[in-house]
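Those protein sequences? They're chains A and B, same order as listed.
With this note's numbering, letter number 182 in the first sequence gets 182, and the count goes up by one each step, no holes.
With this note's numbering, letter number 88 in the second sequence gets 88, and the count goes up by one each step, no holes.
It is possible that part of the hints are untrue.
Below, simulated BS3-like cross-link-like pairs (lysine-lysine); rule was C-alpha separation at most 30 Å, straight line [said to hold, decoys possible]:
| hint | chain 1 | residue 1 | chain 2 | residue 2 |
| --- | --- | --- | --- | --- |
| 1 | A | Lys177 | B | Lys43 |
| 2 | A | Lys185 | B | Lys333 |
| 3 | A | Lys185 | B | Lys43 |
| 4 | B | Lys41 | B | Lys88 |
| 5 | A | Lys44 | A | Lys20 |
| 6 | A | Lys247 | A | Lys203 |
| 7 | B | Lys114 | B | Lys88 |
| 8 | B | Lys375 | B | Lys201 |
| 9 | B | Lys292 | B | Lys326 |
For the record, the hints were derived by calculation from the structure and aren't laboratory data.
None of the values given here were measured: they were computed from a predicted structure.
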Amino acid sequence: MCRPTYYTIAYEINPWMSLKRQANHRRALMQWTRLHELLTRRLKARVKLLTPKPGVPDLVFTANAGLAVGRTFIRSNFRHPQRQREEPHIERHVKRSGFRLVTLPRRYRFEGEGDALWMNGALLFGFRFRSDAPAHEELARLLHTQVLPVELADRRFYHLDTCFAPLDDRAALWFPKAFDRYGRKVIEGLVEDPISVSEADAKRFVCNAIAVGRSIVLQEGSSSTLRRQLMRRGFRLYPLDLSEFLKAGGSAKCLVLRIF
Amino acid sequence: MASEVVRVSGHIIDSLILPKILDEIMDLEGTFEILELSVGKRKTDPSVARLRVEASSPARLHTILHRLSRLGAAPVTLRDARLARAPKAGVFPAAFYSTTNLPTEVRYRGAWRKVLNIEMDCGITVDRRTGGARCIPMAHVQTGDWIVCGSEGVRVSPLERTRRPEVFQFMASAVSSEKPKAQLIQRLAAEMRAIRRRGQKILVVAGPVVIHTGSGPYLERLIAAGFVDVLFAGNGFATHDIESSLYGTSLGVYLDRGTAAADGHDHHMRAINTIRRVGGIRNAVRRRLVTKGVMHACIRHRIPFVLAGSVRDDGPLPDVITDTMKAQDAMRKHIPGVGLALMLASTLHAIATGNMLPATVKTVCVDINAAVVTKLSDRGTFQGIGIVSDTESFLRELVHALRL
């Protein structure tokens, strides 16, 4: 995770961002601290911190920094120049932490765990708005694993982790309308128990959830239907207010990167 | 039709990327042909597909390619064709690209350019100023012409398969005397009408046997009815045609009776002498010395003809072009626009013409000797269909099928 010391809305690179709707810095810091405490204290997760850096406000969304598999770290090739500035900083930190750093050819855009999520031993890879389809072949080659590229169909859900969240081996949260019929078919074939969320829930970024064991951390305000569906499957829910990060098009999952 | 070859690889089967690409091409009104598809054996193995994407216009193709690029299918990277200057007149650079008779394009300054007047066994020259590419026979090369070398940046398209069953599909190029000829001739007649409707030309290449067998009058009827737009033949054909017109014989044999004329062996020499005296076939027709026959019909109906000479010619007639290079050029002038070539009992002229025809020209070779038909296709005119038949019965039936 990365503390939102320098977090602000400095540019508009997705439909949620608006320079007119600034993030409240104090509130953002409070919301982030609550998430950090929930993960470390209640859920006993080990969290490593990335040092914040001025000038790169979105560094706080560490999910997009890259993809960590074992001791290998595949660094992102950001689409937007505003975020490309994060790359050297991420690279330095990753190397210092003892990871083997891998970068993809510059011609392929790839935004890390934002667009690549593990499900049932396969890597589901979202492309179009941020990552490029051909990058999937590179990932498959590097990781010796099956990578399933699916095209994202709704600009509001520009990263795979905004519309799909693996919960365990069987279940995943997803917003089907964010995919086209091919992507829907692939996900239906891959996920045994896909839990569809309503558009209202999807817009509240409930799919941007963190699963830690049977616990799910997600944006508060989700519908009671969804809460019931999840609890019936034995998940414990930890709703959090992350509204300040929603202004930048991110929520719980965007703020963390799985490295263990 | 504009087309481009694209390649897509990775886990494209389970992720439905490939089916999606194919659907997208069709949704955007393009067509595709899968040139190569290798499917990974294990889930982690990548699969590779190579597709030829075709669209009705370059703009539409561009739209399709743009869409496909987002799905990870990129055009197979291609470089421009390599050009080298001809070292001297009549000589190609050593690595020159030798053409086929199939529709060909060369890539120059990033764009595909159609090679005009395509013909087999020639080179391709590119005008560096306009980017225009055309086929060039070896003898026409000038010092310093830019000639395409190597096969990179050269694209040869296989012939499009027609959806409608037609005679050229009905009969594959296999040659056999055991084919239902009546059916074939009916379909050929329909094709000839269609070609005429499309405004394309019908080329007839005829050997002297056409006259010997007494089928000249059928050919005359085809000419009169407008089913022949250009005639290629040799000295023999024209000579015997004129002999039959002057004396009623061909090689001294009466065409109506089938018996030899007394001293008939010199008729053809006298015929040549007569034409040489008046300065040519056209003059002979004008002076009403020649009043019937195929050559007469050609002149009367203003059908252009090319008479090409050979080493065994008697005379020859003044209209015969004895310089073979000049004869080739004279023949080449008539090739553009030809939609059907009918080769009647001629070996040398049929093969010479076959060499000049693009593969898109439908070719019918009629000969009593199957070897001639085979030889033509073996020499590369594979688009031809062969009819092993006596010319007289073939032409009689064709005229009948065309209701002339």
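Hint consistency between lysine 247/A and lysine 203/A [alpha-carbon to alpha-carbon, up to 30 Å]: The given pair, whose Cα atoms are some 12 Å apart, holds under the 30 Å limit.
Given hint lysine 201/B paired with lysine 375/B - CA-CA distance at most 30 Å: holds (25 Å)
Distance restraint between lysine 177/A and lysine 43/B, which requires alpha-carbon spacing of 30 Å or less: holds (27 Å)
Holds or violated: lysine 292/B to lysine 326/B, with C-alpha atoms at most 30 Å apart: Roughly 29 Å separates the two Cα atoms, so the pair holds.
Satisfaction of hint between lysine 88/B and lysine 114/B, Cα-Cα up to 30 Å: Cα-Cα ~26 Å, so holds.
Pairwise hint evaluation, lysine 43/B against lysine 185/A, where the allowed Cα distance is 30 Å at most: Distance of about 17 Å is within 30 Å: holds.
Proposed proximity, lysine 88/B with lysine 41/B (alpha carbon, max 30 Å): Roughly 55 Å separates the two Cα atoms, so the pair is violated.
Pairwise hint evaluation, lysine 20/A against lysine 44/A, where the allowed Cα distance is 30 Å at most: violated (38 Å)
Proposed proximity, lysine 333/B with lysine 185/A (alpha carbon, max 30 Å): violated (59 Å)
Hints 2, 4, 5 from the earlier list are contradicted by this structure; the remaining hints agree with it.
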